[in-house]
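A.B. asks: Here is what each chain is made of, one letter per residue.
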Amino acid sequence: SQELEQSPQSLIVQEGKNLTINCTSSKTLYGLYWYKQKYGEGLIFLMMLQKGGEEKSHEKITAKLDEKKQQSSLHITASQPSHAGIYLCGADMNRDDKIIFGKGTRLHILP
Amino acid sequence: DAGVIQSPRHEVTEMGQEVTLRCKPISGHNSLFWYRQTMMRGLELLIYFNNNVPIDDSGMPEDRFSAKMPNASFSTLKIQPSEPRDSAVYFCASSLGQGAQIETQYFGPGTRLLVL
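Taken in order, these protein sequences are the chains called A and B.
My numbering puts the first residue of the first sequence at 1, with every later residue one more than the last.
My numbering puts the first residue of the second sequence at 1, with every later residue one more than the last.
Bound conformation, chain A alone:
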């Protein structure tokens, strides 16, 4: 069973449009990490969230961890072709070193 559920599994948006990716857990998240993976390459760290209600932004990407610390959303404003790739959320659920990952959301940007 998948402990972290990401939605949607894939997303196709027109360049310039906004989009949101969700990451949901049935357990409390002690650390929530967002990574981006370009097709055929390794993972690139985007942001880390730890506190309920915390929100962080990097350029046009904003991520938030809800107050209950069981769901996070990643929002991209005015999407660009460079945003295309696979977005993975990872979570520390047991306060150990293990990060459990979701299956990812494949984002395609249409020019």
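Do not rely on the hints blindly, as some may be mistaken.
Pairs of lysine-lysine residues, derived as DSSO-like cross-links and limited to a Cα-Cα distance of at most 27 Å, are as follows [claimed, not checked]: (1) A/Lys-38 to B/Lys-24; (2) A/Lys-17 to B/Lys-68; (3) A/Lys-103 to A/Lys-27; (4) A/Lys-36 to A/Lys-60; (5) A/Lys-98 to B/Lys-78; (6) A/Lys-36 to B/Lys-24; (7) A/Lys-98 to B/Lys-68; (8) A/Lys-60 to A/Lys-103; (9) A/Lys-98 to A/Lys-68; (10) A/Lys-98 to B/Lys-24.
If we take Cβ atoms under 8 Å as the criterion, some of the chain A residues that face chain B in the derived model are [unchecked claim]: (11) Tyr-33; (12) Leu-43; (13) Ile-99; (14) Phe-101; (15) Lys-103.
No lab work stands behind these hints, which were simulated from the structure alone.
Think of the CB as a built atom: it goes at the ideal place given N, C-alpha and C, for glycine as much as any other residue.
Let chain A serve as the given structure and place chain B on it in line with the hints.
C.D. replies: Only chain B this time, still in chain A's reference frame:
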């Protein structure tokens, strides 16, 4: 810093052969992780080490897989004998911290393994 280094970047082998994947973590990091990524199963944690000691190998698929970390700057993941279903991208990651003080994991570029 060079980041996490993995070798080889690509490996093509025949079923039954032994495969050894290598990883050099970021200097100073005390935790090292091996992951496998496939389209069907996504990114799965295979095993992780803390201070060179294996902490959790529950993700290792079966006895054909083994991992070692002889020192703080080197780890290997070995598959013997390899099977076509082992074809995947294998990532190594390292991090600094333990428990609640964990920092994020830094990933290597991955090794693409194809077993024919």
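A.B. asks: With the threshold set at 27 Å, check whether the alpha-carbon distance from A/Lys-38 to B/Lys-24 stays at or below it.
C.D. replies: Judged against 27 Å, a Cα distance of about 22 Å means the pair holds.
A.B. asks: Please verify that hint: A/Tyr-33, Cβ, nearest Cβ of chain B, below 8 Å or not.
C.D. replies: 6 Å, holds
A.B. asks: For the pair we were handed, A/Lys-36 and A/Lys-60, check the Cα-Cα distance against 27 Å.
C.D. replies: Holds, because 14 Å separates the two Cα atoms, which is no more than 27 Å.
A.B. asks: Can the hint on A/Phe-101 be confirmed by a CB-to-CB distance to chain B that is less than 8 Å?
C.D. replies: 4 Å, holds
A.B. asks: Is the straight-line distance between the alpha-carbon of A/Lys-98 and that of B/Lys-24 27 Å or less?
C.D. replies: 19 Å, holds
A.B. asks: Below or equal to 27 Å on CA atoms is what counts here, so check A/Lys-98 against B/Lys-68.
C.D. replies: Judged against 27 Å, a Cα distance of about 18 Å means the pair holds.
A.B. asks: Would the hint on A/Leu-43 stand, with a C-beta cut-off of 8 Å toward chain B?
C.D. replies: Since the shortest Cβ distance to chain B is 4 Å, the answer is holds.
A.B. asks: Is it true that the CA of A/Lys-98 sits at most 27 Å from the CA of A/Lys-68?
C.D. replies: Given that 27 Å is the threshold and the Cα spacing comes to 21 Å, the pair holds.
A.B. asks: Do the alpha carbons of A/Lys-17 and B/Lys-68 lie within 27 Å of each other, as the hint requires?
C.D. replies: Since the Cα atoms of A/Lys-17 and B/Lys-68 sit roughly 47 Å apart, the hinted pair is violated (cutoff 27 Å).
A.B. asks: Assess, step by step, whether the Cα of A/Lys-103 is no farther than 27 Å from the Cα of A/Lys-27, and give holds or violated.
C.D. replies: Holds, because 17 Å separates the two Cα atoms, which is no more than 27 Å.
A.B. asks: Does the interface hint hold: is A/Lys-103 within less than 8 Å of chain B, judged Cβ to Cβ?
C.D. replies: 4 Å, holds
A.B. asks: Given the hinted pair A/Lys-36 and B/Lys-24, is their Cα-Cα distance within 27 Å?
C.D. replies: 22 Å, holds
In the structure shown, a violation is registered for the earlier hint numbered 2 alone.
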